[in-house]
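Residue numbers (this note's numbering), protein chains in the order written: chain U, 441 to 645; chain L, 441 to 645; chain B, 441 to 645; chain C, 441 to 645.
Just so you know, these hints were derived from the structure itself, not from any lab. The reader is advised that the hints may include incorrect statements.
Identical chains blur together in the list; that is why a pair holds if it fits in one copy or across any two.
With a Cα cut of at most 25 Å, we get these calculated DSS-like pairs of lysine-lysine [to be verified]:
no., residue 1, residue 2
1, Lys601, Lys507
2, Lys506, Lys632
3, Lys601, Lys442
4, Lys601, Lys543
5, Lys618, Lys543
6, Lys451, Lys601
7, Lys638, Lys507
Just so it is clear, the structure is predicted and the values come from calculations on it, not from any experiment.
Protein chains: 4
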Amino acid sequence: MKAVILNCTLKPSPHPSNTEALAEHVLTELTAQGVQCELIRVVDHAIPTGVATYEGGGDEWSRIHKKLLEAEILVIASPTWLGHPSSIAQKVLERMDAMISEKTESGLPVAFNKVAGVVCTGNEDGAHHVISEIAGGLIDIGYTIPGQAWTYWNKGPGPGKSFLETDYRHGWSITTAKTAASVLVAVAIALKAAPIPKEAYHADA
Amino acid sequence: MKAVILNCTLKPSPHPSNTEALAEHVLTELTAQGVQCELIRVVDHAIPTGVATYEGGGDEWSRIHKKLLEAEILVIASPTWLGHPSSIAQKVLERMDAMISEKTESGLPVAFNKVAGVVCTGNEDGAHHVISEIAGGLIDIGYTIPGQAWTYWNKGPGPGKSFLETDYRHGWSITTAKTAASVLVAVAIALKAAPIPKEAYHADA
Amino acid sequence: MKAVILNCTLKPSPHPSNTEALAEHVLTELTAQGVQCELIRVVDHAIPTGVATYEGGGDEWSRIHKKLLEAEILVIASPTWLGHPSSIAQKVLERMDAMISEKTESGLPVAFNKVAGVVCTGNEDGAHHVISEIAGGLIDIGYTIPGQAWTYWNKGPGPGKSFLETDYRHGWSITTAKTAASVLVAVAIALKAAPIPKEAYHADA
Amino acid sequence: MKAVILNCTLKPSPHPSNTEALAEHVLTELTAQGVQCELIRVVDHAIPTGVATYEGGGDEWSRIHKKLLEAEILVIASPTWLGHPSSIAQKVLERMDAMISEKTESGLPVAFNKVAGVVCTGNEDGAHHVISEIAGGLIDIGYTIPGQAWTYWNKGPGPGKSFLETDYRHGWSITTAKTAASVLVAVAIALKAAPIPKEAYHADA
Chain U
441 MKAVILNCTL KPSPHPSNTE ALAEHVLTEL TAQGVQCELI RVVDHAIPTG
491 VATYEGGGDE WSRIHKKLLE AEILVIASPT WLGHPSSIAQ KVLERMDAMI
541 SEKTESGLPV AFNKVAGVVC TGNEDGAHHV ISEIAGGLID IGYTIPGQAW
591 TYWNKGPGPG KSFLETDYRH GWSITTAKTA ASVLVAVAIA LKAAPIPKEA
641 YHADA
Chain L
441 MKAVILNCTL KPSPHPSNTE ALAEHVLTEL TAQGVQCELI RVVDHAIPTG
491 VATYEGGGDE WSRIHKKLLE AEILVIASPT WLGHPSSIAQ KVLERMDAMI
541 SEKTESGLPV AFNKVAGVVC TGNEDGAHHV ISEIAGGLID IGYTIPGQAW
591 TYWNKGPGPG KSFLETDYRH GWSITTAKTA ASVLVAVAIA LKAAPIPKEA
641 YHADA
Chain B
441 MKAVILNCTL KPSPHPSNTE ALAEHVLTEL TAQGVQCELI RVVDHAIPTG
491 VATYEGGGDE WSRIHKKLLE AEILVIASPT WLGHPSSIAQ KVLERMDAMI
541 SEKTESGLPV AFNKVAGVVC TGNEDGAHHV ISEIAGGLID IGYTIPGQAW
591 TYWNKGPGPG KSFLETDYRH GWSITTAKTA ASVLVAVAIA LKAAPIPKEA
641 YHADA
Chain C
441 MKAVILNCTL KPSPHPSNTE ALAEHVLTEL TAQGVQCELI RVVDHAIPTG
491 VATYEGGGDE WSRIHKKLLE AEILVIASPT WLGHPSSIAQ KVLERMDAMI
541 SEKTESGLPV AFNKVAGVVC TGNEDGAHHV ISEIAGGLID IGYTIPGQAW
591 TYWNKGPGPG KSFLETDYRH GWSITTAKTA ASVLVAVAIA LKAAPIPKEA
641 YHADA
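Chain U with its partners taken away, still in its complex shape (with noise of 0.2 Å):
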């Protein structure tokens, strides 16, 4: 079984990012279940908005939108900015509006029989939102979302430290990110065992 992380900061490599620091314990877990996982920082690749999979030039999502059919498993990390999805997850989210149209051979949309999940972190208050904005985009795209699928840490009310800076509160965040990896993999697995049926999809004719 394979999963995909994506890290939606906006900081390029190497500077440290708090939200893959949280990923990371979701990553370890899903490791630890026997997943192969990889975790892409979004930012250090070319590439540029839009709503197709492939939007010319040098464009390097047409490989991530590989790993992603190739994956049961999407996790996708973000921090929060003015209590908002970043503006890369939300890059990701448009890019992956093409996977709507996009169908298996059976005629299923391709994130069908997929699984999906959400990490958030902040140094103020926004992670439900953040978590509620990515799981709906990813509904919309077809990948089943397991209850409790998600993990977060911020620090309220008002600004204040990042992640990294403290351990306030950690273990709440790494206990959640164990669910959240567990029932990742459990519900992957029942849909492994029993997939959602061609017949399932009505198109609109």
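With the hints as your guide, set chains L, B and C onto chain U.
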């Protein structure tokens, strides 16, 4: 297999409900696939606001709560007011908040291994947000949301006719309702065949 | 100058309300600046769901509606449940929906030339989203929202203590409450000195 | 009086932009009322992601930032993707995040005494949410949002034609655009006549 459909219209019976009219298309498809359905118009019942499963006095929520525990499938159907889920839909989520702490015999949150979907109507814009808000709440509670387990109808831009006042694009909403019902059944079957195991849940010490 | 503060806690009096405790800091500053304030705990009043100004029977909303028309300033104070505004806050917005069509003698929506702000508390993450949702609804209705006309308190990540159970970072929330009160008064004064003229409103033919 | 309109379409020039087509109706009315307007298609400029006013290298944001400081009025115009503001709109908000800490000579956040509005288009549902998200961010930054300072166009339910491909209900969107422009001007005038004073801002010690 059982499904509960909670119609969160603001209008008590016997007022016609646009939301119910669209929800019935999901119900019809669920029934056609062998699911035993119950549609409840929440506003017809004496349900105080609160976050416990029983809020005392003549509180009728606990009867609905019992039905939720017995059903594998939940559909929340809501109108759109000011671009948001109705106050009744939010009251339902608040009452369901207690389910985050309620556990099965094996120690899982009671909503684990259950699936949920959303139906939304409105005479104006707002459906995707209503769906994200409700789905986000249900994911917190532990429900799994299958990809595209929703349908909606509205008529943008600006105020206009309601679902029952026009035939405008009903076809798309009904086709989408069939997909929603089908993926709910398919993922419920998958989770019955291969349930999320008790080891998946990690509680904060 | 008059202000109405609607406390949208789920808990009827005399239960202590965390939301009220923070809202009182806004009220204190408004009073210090000469504003005549009234704080109303909405759940203590018999207010049915609906979208008309009077829903019949013993509906007590119309009394509150009258106070809103007399006040230059409105503050909606809400707890956070499942990351959303409370069902009481949404019920208030739904009842205020009628104000979109209600016009002053000069033909402006009745909320034009009034200002509004938001107070939010929660034992978990969600404040910025609660503020955006409520502000978004109030802007639709016609209220002007001054920059930073809000304050909040919560304690992330994960569930934890409520506002009244700890002193953690109260200072930030109270300072922010003072700014919220001050900008509400300042913009209300500006709109009194130079009101939006009737020519500003263009009605759809 | 000056206005900046930021078109946050994903499509670089010379591609036609539906969002620009609707934003131009706001621009026309602003111009008719004597406001000097500049419309900027953000994606045409080299603007990296980030949260500082200058991110180094050939970053063109600082030129736009300077225009924002000189303008009394800001309009953010965004398409709807997955029901959300575009990634370009979110990138703009992230770059504007620095303005929360930037102060005028008298010590107020630089966006105090400025007003902002929102324009949204989409071939599918989502406008009210896009408006709330963008308005919420702008309020955090310090902009005042006049009541009904927005317009939108979309065509629900389901995917369909874009603004420039049909005349369906353009009238409502254009009338609403005129109100948006008019209230922006009116509240900008009010804040010029009676500005928020420096005493209004209380900084966390």
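Looking at the structure, which of the earlier hints fail to hold?
1, 3
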